[in-house]
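> Below, each chain spelled out in residue letters.
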Amino acid sequence: MSTTLETVLWVIAPYACMAVFLVGHYWRYRYDKFGWTTLSTQIYESRLLRWGSPLFHFGMLAVIGGHVIGLLIPKGWTAAAGITDEGYHVMAVGLGLVAGTAVAVGLTLLIMRRRLVGPVFRATSRMDKLMYVGLALVILTGMANTVVGNVIGHYDYREGVSIWFRGLFFLDPHPELMGAAPITFQAHVLASLALFALWPFTRLVHVFSVPIGHLWRPYVPYRSRDTRMGERRGRRGWENAEDGSRTP
Amino acid sequence: MRVMAQMAMVMNLDKCIGCHTCSVTCKQTWTNRAGMEYVWFNNVETRPGQGYPRTYEDQERWKGGWTRESNGRLALRSGSRLKNLATIFANPALPGIDDYYEPWTYDYRTLTDAPLQEHTPVARPKSLISGRDMAIRWSANWDDNLAGGPELAKDDPVLRKVSDKVELEFEQSFMFYLPRICEHCLNPSCAAACPAGAIYKRSEDGIVLVDQDGCRGWRKCVTACPYKKIYFNHRTGKAEKCTFCYPRVELGMPTVCAETCVGRLRYLGLVLYDVDAVLPAASVEDEHELLDAQRRLVLDPDDPEVVRAAEKEGIPRDWIEAAQRSPIYSLINEYRVALPLHPEYRTMPMVWYIPPLSPIVDAVSETGEDAENRDNLFAAIESLRIPIGYLAGLFTAGDTGPVTDSLRRLAAMRSYMRDINLGRGTDEEIPRAVGMDGESVYEMYRLLALAKYEDRYVVPPAHAEQAHSLEASATGCSLDAEGGPGMGGPSTGGPATGGKVSLPMPRIRRPQEAE
Ligand code: HEM
Ligand code: SF4
Ligand code: SF4
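One line per chain: the protein sequences are A and B, in this order. Here the numbering used here is used: the first residue of the first sequence is 1, the next is one more, and so on. Here the numbering used here is used: the first residue of the second sequence is 249, the next is one more, and so on.
These are computed hints drawn from the structure, not numbers from a lab. Because the structure is a prediction, the values reported are computed rather than measured. Hints may contain errors.
Here chain B is said to cover these stretches of chain A; the calculated rule only asks that three of the stretch's residues, wherever they fall, bring their Cβ under 8 Å from a Cβ of chain B [unchecked claim]:
1. 25-36
2. 53-65
3. 68-78
4. 112-123
5. 215-222
Pair by pair, the computed Cβ-Cβ distance ranges are [stated by the list, open to error]:
6. B:358 <-> A:140: 40 to 50 Å
7. B:323 <-> A:22: 21 to 31 Å
8. B:344 <-> A:127: 18 to 28 Å
9. B:360 <-> A:210: 46 to 56 Å
10. A:127 <-> B:382: 24 to 34 Å
11. A:127 <-> B:358: 31 to 41 Å
12. B:334 <-> A:22: 23 to 33 Å
13. B:535 <-> A:94: 28 to 38 Å
14. A:222 <-> B:581: 20 to 30 Å
Even for Gly, the Cβ is constructed at its ideal location relative to N, Cα and C.
Work out the full structure, taking the sequences as your base and the hints as a guide.
Right, dumping it as C-alpha cells:
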C-alpha cells in the first residue's frame, strides 16, 4: 500500500503537471503565437553558440530517444526481439553516457554564454533563468541515475519507474514503485515534473514546432490577401445602401 | 501560361543625391522600435563601398541566393533542405550584430539633469545591445560618399571581381548611390529557406511578407536572402522585412520611400508575369542569359493573348489596365534601360535600376570636352573600363553589353534633348544609333526627366470586392500586436471582429529596462 505522501508525489503531482503542460500549451498557442519562437540570440554571439547549441540539442534528441525506448517499451518486448538484458544494459549505458555528456557540456557552454556575454545576459528573462535551473537539475539528477543505477548499485528502472510511468497513462498508477526507487530517481522525476509544468511558459515551446514539414513543402508559398484579412465578415446592411453596385 | 500580377519598382540612379530621406522616412514608419534599431528596410549605399551589412554581396561567405546544380536544378546556396535542418541549432552563416553595426543612443540625461557647472556636460553613446558605454566604429552608411577612401572600398565584393588590381586610384574613381529595399523576388530564396514556411508571396500583388504568428525564429531566411533584406528582430525573436508598404499600396498610394524621395527617382507599378516560367528562367545555365530570361518573364500587358490569360486567372480589369499604364514594363522591355540588381543570385528580383550615366558624364567633363555630345559620351562608355565593369558586376552578372546599351540610350536622350532645348533641329541619327526613334526618346525623356507624379506611380487600389476588409486593415492593422511591426494600438479590427484577439502574454525580458 502506498502512503499519502507517495500518492501526492507520484499520482497527484504528475497529473497536475501534465494538466498544466497541456492546458498551458493550448493557451499559449491560442493567445501568444507571436511569442512562440526560439528567441535566438545568435545575432549577439556565435562562437560559443556554435559549439554549445548543437552539442546540447543533438545530445538532447538522443536522450529523448533513449527515454522513449526506456520508459515506453516494456522489458518483455525488447527481450522478445532477441535483445538480452546484458546487451540492452551495455547499449543504454554507453549511448546514455555519450549523449548525457554532450548535453551536460552543451548546457554548461550555453549557461556560461548566457552569463558571460553581456548582450546575451541582458536578453535573459526571469523565465529563461528558471528554465535553466530546471534543465540543469533534470540533467544532473539524470546523470546521477546512470551512475547510481549501473555503476554504484543496481537498480533496473525498467522494472520500477517505467512501469509506474506507463501506468499513469492507463489510469493505473503504482506510486509504491516510485516510493521504492532510489532517491536520485525520485529527484529526477520530481525535477522533470517541475520542468514540464514550466515548459509552456518558456522558450521551450519551440520544441513543438520542429519544422519537419520543411523537407517536403513547396519552396515558395503563395497566400491570398483575403485569407489573411477577413477581419470583418461582409458588409453591414447600411453600407450596402451607399453603394449602388450592390443589392442588399 | 499562368499570369500573375506583381508590384515592382524601378529606380533611376542618375537622380539619387544620396540624401537618405527614403531611409529615414521608412525607419520612422516601420522600424523605430526596440529590437529593430539596426534595421533599415530601405538603405542607401555609396558604391563602390561595402554595402549594408558589410560585404553582403560576398556569397561565398554569406551563402545567399540560389545556385544551379549540374543537373540543371536550383538549390539554395546555404544547402539542401536536410542540411538546412541539420544546421538549425547554430546557423553557420548568420551575420552578427558587428556585421551590421552596434546601434546606440546617447545618455541625454547627463545633459538635461546637469547642474550649473564650468564645463559643458557630454552625452556619451550607449550601446542599445549591451547597454554599456561604447565607441562608435561603424554604422549603416559609414562609408558614405566614399568616406574611408580606398581602404574601405577595396573590400567591396563587386569591385574585387572587376579589377584584379584592387587598388582604386582615388583620383580616377567614380561614385554613385544605390538605394536598396527588399526586391520582392519572383523566386524568393528567403521563403524557400524558412523551415516554418512562414514567408510567403501574396498571390494578388507578389509582395513578400513574413507571417509574424508563423515565424518561429529559426533565422534561416536571413542567410538565404542574398540581399540581406530580412532582419532578425532581436527583441521579439521574429524575422521582419520590407512590406512594400502594403497598407498604403492597397489604398493606391505609393510606398513611403517612393513618396518621400527627394530625387523623385522611384517608379512604381504592376507588371504581369507568367508564374510557370519563373523557375525555368531562374535556372538558365549561362549567367549572362539570366537578364534576358528575366526580361522575358515580364509580359507585354498590351498583348491581347496576355490580357486574355490574365483575365482567365481572375486578375481584375482595372488591374490589367493599371499594368498597361504602368511605367515599369516600358522601362524594362521597351526602352530597355532598367536592369535588375544581381540577376546571378537567381531570385528574379523585382526592383530594377536604371544605371547611372553620371560617372561617364563626369569623366568627360573633367577632360574639358562637351559632355552632352553623343560621340564624346559613346566613346567614353566604350573606354571607361572600370565603371562599366562595375555596373555590369551589379546589374548584369558581369556582362558589359546590356549596361553599355542602357547607358548609350541615356546618353542619346541627353544629346537629342539638348538640340530640342536649344531650339535647334533634331538629329534623328542620334536615336537611330541606339535603335530607337525620336518619338520614343521623347517619351522616355518625359518619363525619366519630367517624371510627373501620376506617371511615376501607377498603383491600383486593391480590388473593390475586397475593399471592405482592406478598409478595416487600414485602420486596424493586423500587425498591430504588442512589439509587432504595426504597433498602432490594440488589434481589435472593429466591432465585427472574427477570431482575432490581442495577445495578453506579458513579455518580461530585460527587467532592468522597465524604469
Ligand atoms: C528538434 C527540435 C529542436 C529544434 C529545431 C530546436 C532549435 C533551437 C534553436 C534554433 C534555438 C536558438 C538558438 C539560438 O540561435 O540562440 C534553440 C534554443 C534552445 N533550445 Fe532548442 N530546438 C529543439 C529542441 C529542443 C529541446 C528538446 C530542448 C530541451 C529540452 C531545447 C532547448 C533549447 C534551449 C534551452 C535553448 C536556448 C539556448 C540559449 O540560447 O541559451 N530545444 N533551439
Ligand atoms: S530580396 Fe526580399 S524577397 Fe528577395 S530573397 Fe531577399 S527578402 Fe526575400
Ligand atoms: S530619398 Fe531619393 S534621392 Fe534621397 S537617397 Fe533616397 S532614393 Fe536617393
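> All hints, please: hold or fail.
Do the hints match the structure? See the list:
no.	hint	in the structure
1	25-36	holds (count 7)
2	53-65	holds (count 5)
3	68-78	violated (count 0)
4	112-123	holds (count 4)
5	215-222	holds (count 6)
6	B:358 <-> A:140: 40 to 50 Å	46 Å, holds
7	B:323 <-> A:22: 21 to 31 Å	40 Å, violated
8	B:344 <-> A:127: 18 to 28 Å	25 Å, holds
9	B:360 <-> A:210: 46 to 56 Å	50 Å, holds
10	A:127 <-> B:382: 24 to 34 Å	28 Å, holds
11	A:127 <-> B:358: 31 to 41 Å	34 Å, holds
12	B:334 <-> A:22: 23 to 33 Å	30 Å, holds
13	B:535 <-> A:94: 28 to 38 Å	51 Å, violated
14	A:222 <-> B:581: 20 to 30 Å	24 Å, holds
Of the hints listed earlier, those the structure fails to meet are numbers 3, 7 and 13, in rising order.
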